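Top line first, the protein sequences correspond to chains A and B. Using this note's numbering, the letters of the first sequence correspond one by one to residues 552 to 838. Using this note's numbering, the letters of the second sequence correspond one by one to residues 2 to 209.
I should point out that these hints are in silico values taken from the structure, not numbers from a laboratory. One or more hints might be untrue.
Stated by the list, open to error - For lysine-lysine, the following DSBU-like pairs were computed, each having C-alpha atoms within a straight-line distance of at most 35 Å:
1) K618/A <-> K770/A
2) K684/A <-> K653/A
3) K817/A <-> K560/A
4) K834/A <-> K817/A
5) K617/A <-> K202/B
6) K759/A <-> K618/A
7) K617/A <-> K60/B
8) K108/B <-> K677/A
9) K206/B <-> K653/A
10) K770/A <-> K617/A
11) K687/A <-> K202/B
12) K145/B <-> K202/B
13) K796/A <-> K764/A
14) K670/A <-> K766/A
15) K684/A <-> K108/B
16) K60/B <-> K653/A
17) K606/A <-> K206/B
18) K796/A <-> K565/A
19) K680/A <-> K206/B
20) K834/A <-> K747/A
21) K3/B <-> K606/A
22) K202/B <-> K759/A
23) K206/B <-> K563/A
24) K678/A <-> K202/B
25) K757/A <-> K169/B
26) K701/A <-> K563/A
27) K560/A <-> K169/B
Claimed, not checked - Coverage of chain B stretches by chain A, computed from C-beta distances (three or more under 8 Å per stretch; other residues unrestricted):
28) 5–11
29) 144–157
Since we're looking at a predicted model, the values are computed, not measured. No residue lacks a Cβ here, since even glycine has one placed at the ideal position from N, Cα and C.
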Amino acid sequence: MKENALVVKGLKKKYRDFTLDDVSFNIPCGMIVGLIGENGAGKSTTINAILGLIKKDAGTISILGKKDNEIDNGIRNQIGVVFDGSNFPSVLSARKLNNVLKNIYSTWDENRYFSLLQKMSLPTDKKIKEFSKGMKMKLSIAVALSHHSKLLILDEATSGLDPVVRDDILDMFLDFVQDENNSILVSSHITSDLEKVADYIVFIHKGKVVFSKPKDELKYQYGIIKCGAAQFDAIDKEEIIAYRKQDYEWEVLVADRTAAQKKYPKAVIDPATIDEIMLLYVKGEMK
Amino acid sequence: MKGLLVKEFYVIRDSLLTLLVIFIAIGVGLAFLISPCVLITIAAITLSMQAITTIQNDKSTQWNRFSATLPVSRVQVVESKYLIYLLLSITGIALGVIICFIASLLKQSFDINELLIYFCLAIIISLLPGSISIPCAFVFDQEKSIMGTVLSYIVTSGLFAGLIFLLKQFMNPMENILAICGITAAFSVVVFTLSWLLCPKRLSKRDI
C-alpha cells in the first residue's frame, strides 16, 4: 500500500456563515488529487487549514508523515504552494525573486529555477506587475518546482487562464508526478482540467466531503440514465445517487452504469463527466 | 529572515524616487520656515512609514499568504517588519542628521541643542507611532490601517502633550525641553521594544 503525502482527518472550521465539517481525505504519494466543488464550497478553506493559514477547530493534518504540530521548516521546504493570481511583490522581477527565495528555502535550486523560466519563456528582468495572468501563474509554478518540493498544493491554479497555458501547466503537473515520491493537491472548479490529470477526485459541497474516489471509477463506472417519467419510476431507488428533472427527461446518476445497462436494457445510459456528477449532486435531489 | 529583508529592500528601493520627491517637497520648505533640523524628523517619518506600506503591499499581492507557507516562522515574518521599521527609522534619522548638519553649515547657524531636540523628536515620532501602526497594519485592512496610523500619531502627540503637562508640575517645560524630549524618546524606545516583544507571537496566531 502506498504511503500518503497528505492525510486530512476530521477537519473542522466554523465561521459565522459557513462551516467546514469533518473533512477527511488522503493524497497517496505519486498521485494527483483534485479538490472540486462550487465557489464557496470550502476548497480554499480546506487548503488554508492544511497550510496553517487558518486555525482549525478540530481534526488532524499530516503532511509528508509529520503531524501539523510537528511541521517544521524541513517539511515546509518540501511543500510548493501556488495560489490563484500572483503570489509575489509586483515590483520584483523573476531574477530578484530568485535572490529573495534563495535566502529563504534551504533547498532552493537556482539552476532549476532559471531553466524553468527559460522553458516557460518567462523574462527574468521584467517586473512581475508587467506579467500577464498566465505568466504570473507560470512563475508561481516555477517557484514551487524549484525547491525540490515533494508536495504541491495549488489553489485554483488554472482558473482564468487560456486553454493553451492551462494545458502547459497540466503537462508540468504530470511531469512532476513522474517521480513517485511527488504528489499534488489541486483545487479547481474547472473539472475538465482535473479529468485530464487527477488520479483521485475529492468533491466538497457546503463544507462537507460528498465523495473521495478514484477518477477512473467516476469516469468508467458512473453513468447518467436519461429517461422519461415512467422509466424513472421503474428504477430501483436504491441505485440512484442523485437525480434531477429536466424539461423533457429525467437525469439519474448511478454508480455502476454497466450493471444499470443490464438491468434496464432499454434505458439510455451515458458515461458521466465530473462536471455532470458535480451538477447532479449540487442541483439534483438525493434519493 | 535574510530573504524577507532582501525582499523588503527591493520593494523599498523601488519607491525611493517617490520618497525623495516627498522628502524634498516637504523638507525644503519646512527647513527654511522652521529649522534645518526639522529634516531629521521628516526623513525618519518618510522612511519608517515605508515599512507600514510594505505590510499593506504584502496583503494586496498575497505575499502575506505565500510568506506564511515559507520555511520561516510566522513570528519571524512579523518580526522582520519591526526590524525593517527600526532600520528605516535609524537610516532616516542618520540621513536627516547629515543633511541637517550640511544645511546648518551652509546657513552658518549650527545649534547642537536644537539638533539634539530634533534627534529626540525623530525617535519619538518614528518609534512611538510604529509600535501602534505595525500591529494595526497586520490586523486591519488598508482603510482601517491608515486610520490606525493616523491614530498612532494622535496618540503620540497626546502622550507628548500629557508628559509636558505632567512635568510642568515639577519644572519649566520650555527651559527643560531637551530633557523632556529625551525622556519621551526613551519612553518611545521602551514602548516600541514592548510592542516588538509582545505582538509578533499574537499576530502570528491570527487567521490569514
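Tested hints:
{"no.": "1", "hint": "K618/A <-> K770/A", "result": "holds (33 Å)"}
{"no.": "2", "hint": "K684/A <-> K653/A", "result": "holds (24 Å)"}
{"no.": "3", "hint": "K817/A <-> K560/A", "result": "violated (43 Å)"}
{"no.": "4", "hint": "K834/A <-> K817/A", "result": "holds (26 Å)"}
{"no.": "5", "hint": "K617/A <-> K202/B", "result": "holds (23 Å)"}
{"no.": "6", "hint": "K759/A <-> K618/A", "result": "holds (22 Å)"}
{"no.": "7", "hint": "K617/A <-> K60/B", "result": "holds (29 Å)"}
{"no.": "8", "hint": "K108/B <-> K677/A", "result": "violated (45 Å)"}
{"no.": "9", "hint": "K206/B <-> K653/A", "result": "holds (26 Å)"}
{"no.": "10", "hint": "K770/A <-> K617/A", "result": "holds (33 Å)"}
{"no.": "11", "hint": "K687/A <-> K202/B", "result": "holds (32 Å)"}
{"no.": "12", "hint": "K145/B <-> K202/B", "result": "holds (22 Å)"}
{"no.": "13", "hint": "K796/A <-> K764/A", "result": "holds (26 Å)"}
{"no.": "14", "hint": "K670/A <-> K766/A", "result": "holds (30 Å)"}
{"no.": "15", "hint": "K684/A <-> K108/B", "result": "violated (54 Å)"}
{"no.": "16", "hint": "K60/B <-> K653/A", "result": "holds (22 Å)"}
{"no.": "17", "hint": "K606/A <-> K206/B", "result": "holds (8 Å)"}
{"no.": "18", "hint": "K796/A <-> K565/A", "result": "holds (34 Å)"}
{"no.": "19", "hint": "K680/A <-> K206/B", "result": "holds (30 Å)"}
{"no.": "20", "hint": "K834/A <-> K747/A", "result": "holds (24 Å)"}
{"no.": "21", "hint": "K3/B <-> K606/A", "result": "holds (27 Å)"}
{"no.": "22", "hint": "K202/B <-> K759/A", "result": "holds (32 Å)"}
{"no.": "23", "hint": "K206/B <-> K563/A", "result": "holds (17 Å)"}
{"no.": "24", "hint": "K678/A <-> K202/B", "result": "holds (33 Å)"}
{"no.": "25", "hint": "K757/A <-> K169/B", "result": "violated (64 Å)"}
{"no.": "26", "hint": "K701/A <-> K563/A", "result": "holds (26 Å)"}
{"no.": "27", "hint": "K560/A <-> K169/B", "result": "violated (64 Å)"}
{"no.": "28", "hint": "5–11", "result": "holds (count 4)"}
{"no.": "29", "hint": "144–157", "result": "violated (count 0)"}
Of the numbered hints stated above, those contradicted by the structure are hints 3, 8, 15, 25, 27, 29, listed in ascending order.
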